[in-house]
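So the sequence lines, in the order shown, correspond to chains V and Z.
Just so we're aligned: 62 in my numbering is position 62 of the first sequence, and the numbers increase by one with no gaps anywhere.
Just so we're aligned: 369 in my numbering is position 369 of the second sequence, and the numbers increase by one with no gaps anywhere.
Keep in mind that the hints were calculated from the coordinates and are not lab data.
Check the hints yourself; a few may be wrong.
The list treats identical chains as interchangeable, and a pair is accepted whether it falls inside one copy or across any two copies.
Below are the BS3-like pairs computed for lysine-lysine, each with C-alpha atoms no more than 25 angstroms apart in a straight line [said to hold, decoys possible]:
no.	residue 1	residue 2
1	Lys218	Lys122
2	Lys16	Lys308
3	Lys186	Lys7
4	Lys218	Lys21
5	Lys327	Lys218
6	Lys7	Lys48
7	Lys145	Lys47
8	Lys7	Lys145
9	Lys218	Lys186
There are 2 protein chains.
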Amino acid sequence: MNSSYSKATYRLYDDKADFNKKATGIAVGLTVGSWTELPEAAKQHMKKHLGEVVSVDVHEPDGAQPGERYADITIAYPDANFSRDIPALLVTVFGKLSMDGRIKLLDLQPSAEFLSAFPGPKFGIEGVRGLLGVPHRPLVMSIFKSVIGHDLAGLREQFLQQALGGVDLIKDDEILFENPLTPLEKRVEACMDAAREAERATGQKLIYFANLTGSTFKLRENALRAIDAGANGLLFNVLAYGFDALAELAADSAINVPIAAHPAMAGAYYPSAHHGIAAPLLLGKLMRIAGADLSLFPSPYGSVVMPKEENLAVQQALVTDELPQKKAFPVPSAGIHPGLTPLILSDFGTEVVVNAGGGVHGHPNGAAAGGQAFRQAVDAVLAGQSLEEYAKNNEQLRLAIERWGVHTS
Amino acid sequence: MNSSYSKATYRLYDDKADFNKKATGIAVGLTVGSWTELPEAAKQHMKKHLGEVVSVDVHEPDGAQPGERYADITIAYPDANFSRDIPALLVTVFGKLSMDGRIKLLDLQPSAEFLSAFPGPKFGIEGVRGLLGVPHRPLVMSIFKSVIGHDLAGLREQFLQQALGGVDLIKDDEILFENPLTPLEKRVEACMDAAREAERATGQKLIYFANLTGSTFKLRENALRAIDAGANGLLFNVLAYGFDALAELAADSAINVPIAAHPAMAGAYYPSAHHGIAAPLLLGKLMRIAGADLSLFPSPYGSVVMPKEENLAVQQALVTDELPQKKAFPVPSAGIHPGLTPLILSDFGTEVVVNAGGGVHGHPNGAAAGGQAFRQAVDAVLAGQSLEEYAKNNEQLRLAIERWGVHTS
Chain V
1 MNSSYSKATY
11 RLYDDKADFN
21 KKATGIAVGL
31 TVGSWTELPE
41 AAKQHMKKHL
51 GEVVSVDVHE
61 PDGAQPGERY
71 ADITIAYPDA
81 NFSRDIPALL
91 VTVFGKLSMD
101 GRIKLLDLQP
111 SAEFLSAFPG
121 PKFGIEGVRG
131 LLGVPHRPLV
141 MSIFKSVIGH
151 DLAGLREQFL
161 QQALGGVDLI
171 KDDEILFENP
181 LTPLEKRVEA
191 CMDAAREAER
201 ATGQKLIYFA
211 NLTGSTFKLR
221 ENALRAIDAG
231 ANGLLFNVLA
241 YGFDALAELA
251 ADSAINVPIA
261 AHPAMAGAYY
271 PSAHHGIAAP
281 LLLGKLMRIA
291 GADLSLFPSP
301 YGSVVMPKEE
311 NLAVQQALVT
321 DELPQKKAFP
331 VPSAGIHPGL
341 TPLILSDFGT
351 EVVVNAGGGV
361 HGHPNGAAAG
371 GQAFRQAVDA
381 VLAGQSLEEY
391 AKNNEQLRLA
401 IERWGVHTS
Chain Z
1 MNSSYSKATY
11 RLYDDKADFN
21 KKATGIAVGL
31 TVGSWTELPE
41 AAKQHMKKHL
51 GEVVSVDVHE
61 PDGAQPGERY
71 ADITIAYPDA
81 NFSRDIPALL
91 VTVFGKLSMD
101 GRIKLLDLQP
111 SAEFLSAFPG
121 PKFGIEGVRG
131 LLGVPHRPLV
141 MSIFKSVIGH
151 DLAGLREQFL
161 QQALGGVDLI
171 KDDEILFENP
181 LTPLEKRVEA
191 CMDAAREAER
201 ATGQKLIYFA
211 NLTGSTFKLR
221 ENALRAIDAG
231 ANGLLFNVLA
241 YGFDALAELA
251 ADSAINVPIA
261 AHPAMAGAYY
271 PSAHHGIAAP
281 LLLGKLMRIA
291 GADLSLFPSP
301 YGSVVMPKEE
311 NLAVQQALVT
321 DELPQKKAFP
331 VPSAGIHPGL
341 TPLILSDFGT
351 EVVVNAGGGV
361 HGHPNGAAAG
371 GQAFRQAVDA
381 VLAGQSLEEY
391 AKNNEQLRLA
401 IERWGVHTS
């Protein structure tokens, strides 16, 4: 037993509630169950299990319309009450409570004691950079397109074309599962063979994130199969399996490759103002604590949109110095083309992965040219030049701009 | 390969979208990726992987206000595209798409082929009734209250008191995790010992659902530890681990006890009109397919509320003849007291578990009397008598009514 506490912050909408009473109800109800009725002797013993109200900030503007009144409530939960795993923490702080009215889990501030149980990302930003030998430059990732129904030869060729453009990272489509045409080990062998071929041409290293799928209790076995076949990265649909599966994979010394967390199903949680789990917690802090080396999330620019403020809060959670775990690469995704690169780097800095699918494959000269255009766009920004200026001597970037334009806001 | 399809139905809100175009975009984008641009030869080969639009029902009332226009869209996804597990199905149909605007997953209609991979509940309603020797009567379940910080003796006594009232099922609190005071095996031994003591007094069998917690890859081991210690039921926070963990536990022949699915965290998914996963799918159909013998969900009566229509749709999914899996017990929960029993049985029929915590423990004469009051309330309804009438000769029911009243609507 110890006396450390992990905190949870909620936004609770209610037109009439006494929010202070509500907060006390949460602090007691989700810990010792009842308090005021307890005999003094029991209180002595139970105090270390009792939740505490940290703060209640009521937002009730003058002339508030129905539905606008809310409070941000922070509760401290004794670590003594739950085991050192994310399911236990989430079920404690947002199990039953998630169903109790219009309430959204905004943030968790796990205690140092709780966090110490999580080794976090095995590589993190620095480790991934080390694997690639790219210490400073923003990385470029390319996504397979239209891989369902393709055979190994087709997949290998697509991998090769993407790789020849000089991207650093290539990820499977998250909806590519075990299948007879491109089964995991053969897919990994074919792609890594293409990676070596590309490396001979470009002189540059590549990480291939193979999609880790299948039954929960065989995830470790499947990860090891992929790694044995040569995979030097794994893609994982974390939310379909729970954060603990990621945490266990990341903590496993045999799984010695970086893990990219895909946000599949995240939209079931974060977009509502009144329900669910906020994106910076879901796709930022929890992904990092659980051990994602990279976390993908909807960019504020493209086809699948998340507001920029929320996006930058996800990024912040992935890179803040306030967590003991290694920093994880933010990968704002969806709808990215080379003309967005200045904006991405302006918003996210250089510790970012510029990630594209259509923006690579849709290049007029094909995927290799698409990759080159992204690399040229990154180089332009790092050189302090406008894309238009840099494109004068960089043909693939010029063609990309011709197709997609340049977006500066 | 085969040509069967699993269908998904979405509600998509958009004030302006061409919903037919949107539906085609989903059907193509989440399967083969692109279609119209494919050469004819490729189309021949890819056709079996192409999603199909089944229906698009646009709801656009005259004078619709902004935010009111929506369409219910059903898409058929070829089973050839994903493996036979729930993560693969969910990531395919609602992975990326969950983040694409105001869209909620209303229902899944997995193919017979997909469903055939899921043995479902090992016991189901009939099996649980068989274990208890209660073929027809609605069952009564009691929930531990305030168990955090209690020792084994306290837990055993609380179990005994609940059991002596004649309840059929007793479940752990879902927030009771592995802890030094009441570790899993010792807790099971203490509670099952109390169950035997109660059985000698009441002549009635009991199932104790021990909370299955801990790291994902040790769930099976922990389940077997509990069973070896004597547990004859397991409680599981399914949504904290994903549906596949439940499916694998339920399919495991060594885990030969019923599993009760707790809805912890479900409120992060179902309450929003615009995002997430509808309750009948989340807490009904998917729980049953994955193998829950009982599924708990917020009742329409009590403190944690779900609208009655939605509640009855959850029930329907658990008991419909349309699924090949055994039927699962609906357990409408939260805020239940004996005076609600006529209403529960009127809404849910006799294939239901009447489940209470405060409504048992808060009885003026204690938990044993609380359990008796529930059993008397059930007996009253089955005898066709009003609670008030029946209470004349049944003291514990009378006291319960005195405290909580009778609710008939």
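Checked hints:
no.: 1; hint: Lys218 with Lys122; in the structure: both (21 angstroms within a copy, 21 angstroms between copies)
no.: 2; hint: Lys16 with Lys308; in the structure: between (32 angstroms within a copy, 23 angstroms between copies)
no.: 3; hint: Lys186 with Lys7; in the structure: neither (46 angstroms within a copy, 30 angstroms between copies)
no.: 4; hint: Lys218 with Lys21; in the structure: neither (46 angstroms within a copy, 39 angstroms between copies)
no.: 5; hint: Lys327 with Lys218; in the structure: neither (28 angstroms within a copy, 28 angstroms between copies)
no.: 6; hint: Lys7 with Lys48; in the structure: within (15 angstroms within a copy, 50 angstroms between copies)
no.: 7; hint: Lys145 with Lys47; in the structure: between (56 angstroms within a copy, 17 angstroms between copies)
no.: 8; hint: Lys7 with Lys145; in the structure: between (41 angstroms within a copy, 23 angstroms between copies)
no.: 9; hint: Lys218 with Lys186; in the structure: within (18 angstroms within a copy, 29 angstroms between copies)
Consistency with the previously given hints fails for numbers 3, 4, 5, ordered from lowest to highest.
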